[in-house]
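Undergrad: With chain A's structure known, arrange chain B on it following the hints.
If you read the sequences in order, they're chains A and B.
Residues in the first sequence are numbered from 1 upward in steps of one, following our numbering.
Residues in the second sequence are numbered from 1 upward in steps of one, following our numbering.
Take the hints with a grain of salt, since some may be wrong.
Facing chain B, a subset of chain A residues (Cβ under 10 Å, in silico) [stated by the list, open to error]:
(1) Ala31
(2) Gln38
(3) Leu89
Selected chain B positions facing chain A (Cβ under 8 Å, derived; list incomplete) [to be verified]:
(4) Gly42
(5) Leu43
(6) Leu45
(7) Phe91
(8) Asp99
(9) Thr101
(10) Gln102
(11) Phe104
(12) Gly105
(13) Pro106
(14) Gly107
Pair by pair, the computed Cβ-Cβ distance ranges are [unchecked claim]:
(15) Glu60/A - Ile55/B: 29 to 37 Å
(16) Glu44/B - Glu52/A: 23 to 31 Å
(17) Thr78/A - Leu97/B: 25 to 33 Å
Keep in mind that the hints were calculated from the coordinates and are not lab data.
All values derive from a computational prediction rather than experimental measurement.
Note that CB positions come from ideal geometry on N, CA and C, so glycine has one too.
Residue-level listing of the chains:
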Amino acid sequence: SQKIEQNSEALNIQEGKTATLTCNYTNYSPAYLQWYRQDPGRGPVFLLLIRENEKEKRKERLKVTFDTTLKQSLFHITASQPADSATYLCALHMDSNYQLIWGAGTKLIIKP
Amino acid sequence: DAGVIQSPRHEVTEMGQEVTLRCKPISGHDYLFWYRQTMMRGLELLIYFNNNVPIDDSGMPEDRFSAKMPNASFSTLKIQPSEPRDSAVYFCASSFLLDDTQYFGPGTRLTVL
Numbered sequence: 001s002q003k004i005e006q007n008s009e010a011l012n013i014q015e016g017k018t019a020t021l022t023c024n025y026t027n028y029s030p031a032y033l034q035w036y037r038q039d040p041g042r043g044p045v046f047l048l049l050i051r052e053n054e055k056e057k058r059k060e061r062l063k064v065t066f067d068t069t070l071k072q073s074l075f076h077i078t079a080s081q082p083a084d085s086a087t088y089l090c091a092l093h094m095d096s097n098y099q100l101i102w103g104a105g106t107k108l109i110i111k112p
Numbered sequence: 001d002a003g004v005i006q007s008p009r010h011e012v013t014e015m016g017q018e019v020t021l022r023c024k025p026i027s028g029h030d031y032l033f034w035y036r037q038t039m040m041r042g043l044e045l046l047i048y049f050n051n052n053v054p055i056d057d058s059g060m061p062e063d064r065f066s067a068k069m070p071n072a073s074f075s076t077l078k079i080q081p082s083e084p085r086d087s088a089v090y091f092c093a094s095s096f097l098l099d100d101t102q103y104f105g106p107g108t109r110l111t112v113l
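Bound conformation, chain A alone:
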C-alpha cells in the first residue's frame, strides 16, 4: 500500500546543533515534495519545495534533499534555535494524481 512515514517520536535536539528530519515513502513516484512547518493552534506554513530532478534545495538555515532511489527526503535545520521547535510535515505530489499526500509530521523540540 502507499505510505509516507515520518518519525513518529518527537525529536529532541540541543540548540546550535543540526536537526535532521526524515520523510520516507513507498509505492509512489512523486514529481515533487514539499515541507511545511506547523505551530500549535495554527495551520501548516510552506517552507521548501524540491522537484524529482533536484538533489538538494537550500533556504537560509534550511536544506532539503530528495533521493528518488532511496525514496527518501531529508530536512535539515542548521544552527537550530528554540524558535525552530514545531511540527514539520512533508507532502508528496504526483503529476498523474493531484492529491497532495501528507505525512503525519514530526515534532521537533530544540532545547536551549
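TA: Relative to chain A, chain B alone:
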C-alpha cells in the same frame, strides 16, 4: 492580503446538531482545499475546488458532510448531523495553481459532545 480566513475559530456543539464552517481564500487563488486534522489520522484532504467547482470530493467521509463554493471568495463545509467522531481541526487552504504552494487558514477546532 490577510491570508486565508476561517470562522469560527472554535465550535462546540452537541451531537446531532448542524455545523457550518466558513472559509475565505486568498484573492486570486483558483484552488480551495478543505482538510481535517486529528492526532490519529493526521491531515486528510476532504475536498477541493477549482474556480468554484468541486473537483475531487473522494475524501469526504460520508453523506453527512457537504461543501459549497458559491463564489470565488467564500466556501462552506457543513456537517449535518454532527457526531462526536467529527471532532477535529478543520483547515481551509488555497493556492494559485494545483501544484503550487498551499496557504492554510488558522483552522476551526470542532468539538462535538
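Undergrad: Now look at each hint and say whether the structure bears it out.
TA: Here is how each hint holds up against the structure:
1. Ala31: 7 Å, holds
2. Gln38: 8 Å, holds
3. Leu89: 7 Å, holds
4. Gly42: Holds - the Cβ of Gly42/B comes within 8 Å of chain A, reaching about 4 Å at its closest.
5. Leu43: 4 Å, holds
6. Leu45: Leu45/B check passes; min Cβ-Cβ to chain A is 6 Å, inside 8 Å.
7. Phe91: Because about 5 Å separates Phe91/B from the closest Cβ in chain A, which is inside the 8 Å limit, the hint holds.
8. Asp99: For Asp99/B, the interface hint holds, since the closest Cβ of chain A sits about 6 Å away, which is under 8 Å.
9. Thr101: 4 Å, holds
10. Gln102: At 7 Å from the nearest chain A Cβ, Gln102/B passes the 8 Å test, so the hint holds.
11. Phe104: 3 Å, holds
12. Gly105: Gly105/B check passes; min Cβ-Cβ to chain A is 6 Å, inside 8 Å.
13. Pro106: 6 Å, holds
14. Gly107: 5 Å, holds
15. Glu60/A - Ile55/B: 29 to 37 Å: 35 Å, holds
16. Glu44/B - Glu52/A: 23 to 31 Å: 25 Å, holds
17. Thr78/A - Leu97/B: 25 to 33 Å: 31 Å, holds
Hint compliance for this structure: no hint is broken.
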